[in-house]
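Participant: Letter by letter, the chains look like this.
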Amino acid sequence: MRHLFAALVAVATGALIFAGGLVTSTESGLSVPDWPNTYGYFMFFFPIDKMVGGIFFEHTHRLIASTVGFLILVQAAWLWRSEPRRWVRRLGYVALAAVITQGILGGITVLWYLPDPISIAHASLAQIVFCLTMTIALVTSSGWTRAYVQRSGRQTPSPDDLMLQRVAAVTTGLIYLQIVIGATMRHTGAGLAIPDFPLMFGQLIPPHWDAKIAIHFAHRVGALIVTLAILATTGHVLYHHRTRKELLRPSLLLLVLLTAQITLGALTVLSQKQFVINSLHVVTGASVLVTSLVLTLRAHRARFAADGPHVSADAEASDLPTPLDRRRADPSGSAAFRRAGDHA
Amino acid sequence: MDRIVRVFAAVALCIALAACGGGASEESAAPKTAAPAAPATNPVDPATASTITGTITLQGTPPPNPPINMASDPYCMKLGAATTPTFIVSEGGLENVFVYVKDGLGTLKFPVPSQPVVLDQKGCSYTPRVFGIQVGQSLDIVNSDETLHNIHALPMANREFNRGQALQGMKYTTTFTTPEVMLPFKCDVHKWMNAWVGVLEHPFHAVSGKAGAFSLAGLPPGTYTIEAWHEKLGAQTQQVTIGPKESKQISFVFKV
Numbered sequence: 001m002r003h004l005f006a007a008l009v010a011v012a013t014g015a016l017i018f019a020g021g022l023v024t025s026t027e028s029g030l031s032v033p034d035w036p037n038t039y040g041y042f043m044f045f046f047p048i049d050k051m052v053g054g055i056f057f058e059h060t061h062r063l064i065a066s067t068v069g070f071l072i073l074v075q076a077a078w079l080w081r082s083e084p085r086r087w088v089r090r091l092g093y094v095a096l097a098a099v100i101t102q103g104i105l106g107g108i109t110v111l112w113y114l115p116d117p118i119s120i121a122h123a124s125l126a127q128i129v130f131c132l133t134m135t136i137a138l139v140t141s142s143g144w145t146r147a148y149v150q151r152s153g154r155q156t157p158s159p160d161d162l163m164l165q166r167v168a169a170v171t172t173g174l175i176y177l178q179i180v181i182g183a184t185m186r187h188t189g190a191g192l193a194i195p196d197f198p199l200m201f202g203q204l205i206p207p208h209w210d211a212k213i214a215i216h217f218a219h220r221v222g223a224l225i226v227t228l229a230i231l232a233t234t235g236h237v238l239y240h241h242r243t244r245k246e247l248l249r250p251s252l253l254l255l256v257l258l259t260a261q262i263t264l265g266a267l268t269v270l271s272q273k274q275f276v277i278n279s280l281h282v283v284t285g286a287s288v289l290v291t292s293l294v295l296t297l298r299a300h301r302a303r304f305a306a307d308g309p310h311v312s313a314d315a316e317a318s319d320l321p322t323p324l325d326r327r328r329a330d331p332s333g334s335a336a337f338r339r340a341g342d343h344a
Numbered sequence: 001m002d003r004i005v006r007v008f009a010a011v012a013l014c015i016a017l018a019a020c021g022g023g024a025s026e027e028s029a030a031p032k033t034a035a036p037a038a039p040a041t042n043p044v045d046p047a048t049a050s051t052i053t054g055t056i057t058l059q060g061t062p063p064p065n066p067p068i069n070m071a072s073d074p075y076c077m078k079l080g081a082a083t084t085p086t087f088i089v090s091e092g093g094l095e096n097v098f099v100y101v102k103d104g105l106g107t108l109k110f111p112v113p114s115q116p117v118v119l120d121q122k123g124c125s126y127t128p129r130v131f132g133i134q135v136g137q138s139l140d141i142v143n144s145d146e147t148l149h150n151i152h153a154l155p156m157a158n159r160e161f162n163r164g165q166a167l168q169g170m171k172y173t174t175t176f177t178t179p180e181v182m183l184p185f186k187c188d189v190h191k192w193m194n195a196w197v198g199v200l201e202h203p204f205h206a207v208s209g210k211a212g213a214f215s216l217a218g219l220p221p222g223t224y225t226i227e228a229w230h231e232k233l234g235a236q237t238q239q240v241t242i243g244p245k246e247s248k249q250i251s252f253v254f255k256v
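Protein chains in written order, with my numbering: chain A, 1 to 344; chain B, 1 to 256.
Chain B extracted, bound-state conformation (with noise of 0.2 Å):
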C-alpha cells in the first residue's frame, strides 16, 4: 500500500519539478539591456527645426463606447456611470491616437527630458489613457483614489512589473529601457482600467486632442514615416518629406 503513496509522492514532486523548470526560462526571458547613455544637448539646430501637424479622422460611425460596471468596488462605483473612453470623437476629429516620429532619424541621439510623465490613477481610470515616453525618462505612477490598485505593465521588450497601490497618494517611479510601441498597462483590481504608452529615443511624439489635432515640433528637416496608432483601430503609416524651417500639415483617415 505504499505503492499508493509513492505513486502520489512522485506526480507531486514531478509537477513540481516541471514548474520550477519551466519558470527558470521565463524569468531568463526578461531583457537585461541597460538603457543607452543620452547625450547633454538636442542635435537639432533650431534654425533649421521643422514642425509636422495634422489631425486624425474618423470616417464612419463609431460603436458607442462600452457602459463601465464598477459594482465590484463601491468606491469607484459611487463616482457615477462611466463608459470605456475606446473612441473618443470631437469635431469629426479622433482623440487619444499616439502618433511617432517610427522612421527617419537615423542615428540621431536626443537628451532624455528631466521632467518625469504621470500616469495618474483617477476616478478608477488611468489620466492619460495614451501617452509617449522617452527611454530612460522617469514616470512616476501616482494614486489619486481612495481605493487600492494596481499598476500591472504588460511589455513585450521592456521589463514587466506589477505594482500594488494600497493608499492614496502612493507614488511609484520607474523607466523603461528599450523602445516599444505600445506598451500596455492595466489594473488587475479594476478590470476597465486600461492605458497605453509609446516608449520611444526620441522626444517626436504626440496624442491627438481636441478635433483629433497632432503637432510634432523640433524635427530636423528630412524624410520620416509617421505612425498613427489607435487602441482599437491599429497603426497606419505615411511618409513625409520636410525642409528647413517648414511647417507640414498631414491627415490620418481611420475607418470603422
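Next up, chain A with everything else stripped away, as it sits in the complex (with noise of 0.2 Å):
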C-alpha cells in the first residue's frame, strides 16, 4: 500500500514537471502576478472561470504543486510512523524540504520578475524532486525488498557489477547536468539560438558566437553524451545482464524514451518551440533521468543488504520498530533501540 501510495506521487511529480514546461512554453510565468494569492484569492478559492490565458498555466501549475507538496507532506508522515528503515524515513524528510524549498523558489521566481538564477534552480531542484519520490517508490517496492530474486527463487541476486554500478551513475549524473543545461536553455532563451536542425547555421559547428549559441550547443553536445553513455550502460546490461528483469526492463525502457527525447528535442526547434512538444520535451527528459536513476540504483542493490529480503514492504509484516513504536515503549526516549534498519 505504501508503495502503491509512493508511485502516485513520483507519477504526480512527473504531471507537476509536465506542467511547469507547459507555463515555461507558453511563457505564462507572470501571468499570476501574485503569490501564494492568484489575484488577491486565496489560490484555492480563485474562480475558474477566471482561468483565462496564460493564468490556465499558470495557476493550474500551482493547484497540482499544492497537490503533490501536499502528498509528499503525507508520505513523509506515512514513512515516519510506519517505515523501519531509517535512510528511507530520512528519504521521505528530505522530498518533503525539498518540495517545501521547490514552492518557495516557485513563489520567489514570480515575486523577482522570474531571475534566470532562480528559474533554473527551480526548474533543477523540481529533477531532484522527482528523483526522490521516484527512489521512495523504488524501495518500498517489493522487488526491492526482495531483492529481486523471485518467489519461486530460481533467481538469486547478482553480485556487484563495479563496472555496471559505474556507468550507471555517471549516466544518471550526465543526465542531470544535461537537464540542468536544458533549464539554462530554456530561461534564458536561448531554445531557438541555434534555429536548425540537425545542423547549426547550415555546419556542423555554429559559424557565429554568442551566449545563447553556446548555451543551445553544449545542450545539443551533452545530448550526444547523454546518447553514448545511456548506450554503454544499456549495452552493458544486454551483455551481461540479459536475465536480469530489473536491470533488463529500465534498460529497454531507457532506449524507448532516448529515442523520443531526441526526437521531441528535434521537433522542439523544428516546430519553433510548439509548445506542448517543447513541454513533452522536458517531461521526457525528467523521465530518462528517473529511469536512469531506477536502473543504478537497481544495479546497486546488494549493497543495500540489510534493505532484506527479511525487510518485508510493509511495516506491518515486520518485526522492527518505527519511530512511533518506540515513543510508545519508551515516551521519554531514554532507551537505546538500535535496530538493523537504521544502520542500512
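It is possible that some hints are incorrect.
[Said to hold, decoys possible] Listed below are the simulated DSS-like cross-link pairs for lysine-lysine, each with C-alpha atoms no more than 30 Å apart in a straight line:
#1 A:LYS273 to B:LYS78
#2 A:LYS50 to B:LYS122
#3 B:LYS255 to B:LYS232
#4 B:LYS210 to B:LYS248
#5 A:LYS50 to B:LYS210
#6 A:LYS273 to B:LYS210
#7 A:LYS212 to B:LYS232
#8 B:LYS78 to B:LYS210
#9 B:LYS109 to B:LYS248
#10 A:LYS50 to B:LYS78
#11 B:LYS191 to A:LYS212
#12 B:LYS191 to A:LYS273
#13 B:LYS191 to A:LYS50
#14 B:LYS102 to B:LYS255
[Stated by the list, open to error] DEER-style ranges, computed between Cβ atoms:
#15 A:THR60 to B:VAL253: 47 to 55 Å
#16 B:THR223 to A:ALA211: 39 to 47 Å
#17 B:MET156 to A:PRO47: 54 to 62 Å
Calculated from the structure, these hints are not laboratory results.
As the structure is a prediction and not an experimental result, all values here were calculated from the model.
Where is the CB? At the ideal position from N, CA and C, for every residue including glycine.
Dock the two chains into a complex; use the hints.
Facilitator: Here's what the structure looks like:
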C-alpha cells in the first residue's frame, strides 16, 4: 500500500513537471503576478472561469504543485510512522524539505520577475524532487525488499557488477547535468538560438558565437554524450545481465525514452518551440533521468544488504520498530533502540 | 545507505543556495534613483516658442498585420476578429510612430504635468499602444475589460513591475524615475497585448496619427535631434534647426 502511494506521488511529480514545462513553454510564468495568492484570491478559491489565457497554465501548475506538496507531506508522515529503515524515512523528510524549497523558489521567481538563476534552480530542483519520489517508490516496492529474488527462488541476486554500477551512476549524473543545461537554455531564451536541426546554421559547428548559441550548442553536445552513456549502460546490461529483468526492463525503457527524447528535441527546434512538444521534451527528459536512476539503484541493490530480503515492504509485516513504536514503548526516549534498519 | 540521503540533500541545498545568491544580484540591479525635482514653471518663452511638424510615411507595401487568436479567453474571443496593429497606414502615412526630441534641450528643466497619462486595457488590447510620458508624471493604468489583465512593465532603466487587475474598473497609478525610450508593457495573460511608452524629461514628444502627422509645439529656438521610433521598423533621427516663432516641416520615411 505504501509503495502504491509512493508510486502515485512519483507519477504526480512527473505530471507537475509537465505542467511546469507548459508554463515556461507558453511564457505564462508571470500571468499571475502575486504569490501565494492568485489575483488576491486564496489560491484554492480562485474562480475557474477566471482561469483564462496564461493564468490557466500558471494557476493549474500551482494547484498541482500544492497537491504534490500535500502528497509528499503525507508520504513523509507515513514513512515516519511505519517505515523501519531509517534512511528511507530520511528520504521522505528530504523530499518534503525539497518540495517546500521548490514551492518557495517558485514563489520567489514570480515575485522577482523570473530571474534566470532562480528559474533555473526551480527547474533543476524539480528534477531532484522527482528523483526523490521515484527513489522512495522504488525502495518501498516488494521487488526491492525481496532483492529481486523471484518468489519461486529460481533467480538469485547477482553479485555486485562494479562496472555497471559505475557506468549507470555516471550516466545518471550526465543526464541530470544535461537537464540543467536544458533548463538554462529554456530560461535564458536560447531554445532557438540555433534555428536548424540536425545541422547548426547549415554547418556541423556554428559559424558564429554568442552566449545563447554557446548554451544551445552545449545542450546538443550534451545530448550526444548522454546518448553514448545510455548506450554504454544499456549495452552492458544487454550483454551481461540479459536475464535480470530488474535491469533489463529499465534499460529497454531507457532506450525507448532516449529515442523519444531526441525526436522531441529535434521537433522542438523544427516546430519553433511548439508548446506541447516543448513541454513533452521537458517531461521526457525527466523520465529519462528517473529511469536511469532506477537502473542505477537496482545495480547497487546488493549494497543494501540490510534492506532484505528479510525486510518486508509493509512495516506491518516487519518486526522492526518504527519511531512511533519506539515512542510508545519508551515515551521518555531514554532507551537506546538500535536495529538493523537504522544502519542500512 | 544514508549516503543516498546525504547526496540528495546536498544537491538540493546547493541548488537552493545558488538560486538565492543569483536572486540577490538581480534584485540589487534595480535602480533606486529618485526623480530629480522639476521646476514649477516652463522655461520656454512663449514669445519665441517654435513648432516642428511633420509626417511619417511608409515606402513599400507592409506585410499584413497578423490575426490575433483570442481563443484562450472567451471574453476576448466574443469581441470579434482582430489583428495586431503593427502597421497602421492611413493616406500613405504611418501611425503609431513615437517622435520626440532626443537631444538639443541642454540643461533646461520642465515642469511635470499634473494631468496623468491613462493607459487603458480595453477590448483586450492597450489604448494607446504607443505613447509618451514625462519623468515623474503619473501613469494611470486602468482595466475597462470584464476579464483579468496583468500589466507587466519590462524596463531597462526603471523599476520593473507586474500588477494584476482582476476586476473591471481597477486602477494602478505609477511613475517613472528615469528617461527611457522605449519601455515595453505586456500582458502575460493575453500574449498579444503589447504597448510601449517613451519616458522623457521634457514634454516634446508626439505619436503620429492620421496620415502619419505629428507636431512638437512650444520648443525654444535651437538645433535638435529628432527621433522617430516604430515598434517594428526601428528608429530614425534627423537634425533640425529652428529660429524664434518658426514653424518647420520635416518628414521621416520608413521602408519595408
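Participant: It remains to establish, for every hint, whether it holds in the given structure.
Facilitator: Okay, the hints, checked on the actual structure:
| no. | hint | result |
| --- | --- | --- |
| 1 | A:LYS273 to B:LYS78 | holds, 28 Å |
| 2 | A:LYS50 to B:LYS122 | holds, 17 Å |
| 3 | B:LYS255 to B:LYS232 | holds, 11 Å |
| 4 | B:LYS210 to B:LYS248 | holds, 19 Å |
| 5 | A:LYS50 to B:LYS210 | violated, 37 Å |
| 6 | A:LYS273 to B:LYS210 | violated, 38 Å |
| 7 | A:LYS212 to B:LYS232 | holds, 23 Å |
| 8 | B:LYS78 to B:LYS210 | holds, 28 Å |
| 9 | B:LYS109 to B:LYS248 | holds, 23 Å |
| 10 | A:LYS50 to B:LYS78 | holds, 15 Å |
| 11 | B:LYS191 to A:LYS212 | holds, 23 Å |
| 12 | B:LYS191 to A:LYS273 | holds, 15 Å |
| 13 | B:LYS191 to A:LYS50 | holds, 16 Å |
| 14 | B:LYS102 to B:LYS255 | holds, 22 Å |
| 15 | A:THR60 to B:VAL253: 47 to 55 Å | holds, 48 Å |
| 16 | B:THR223 to A:ALA211: 39 to 47 Å | holds, 40 Å |
| 17 | B:MET156 to A:PRO47: 54 to 62 Å | violated, 36 Å |
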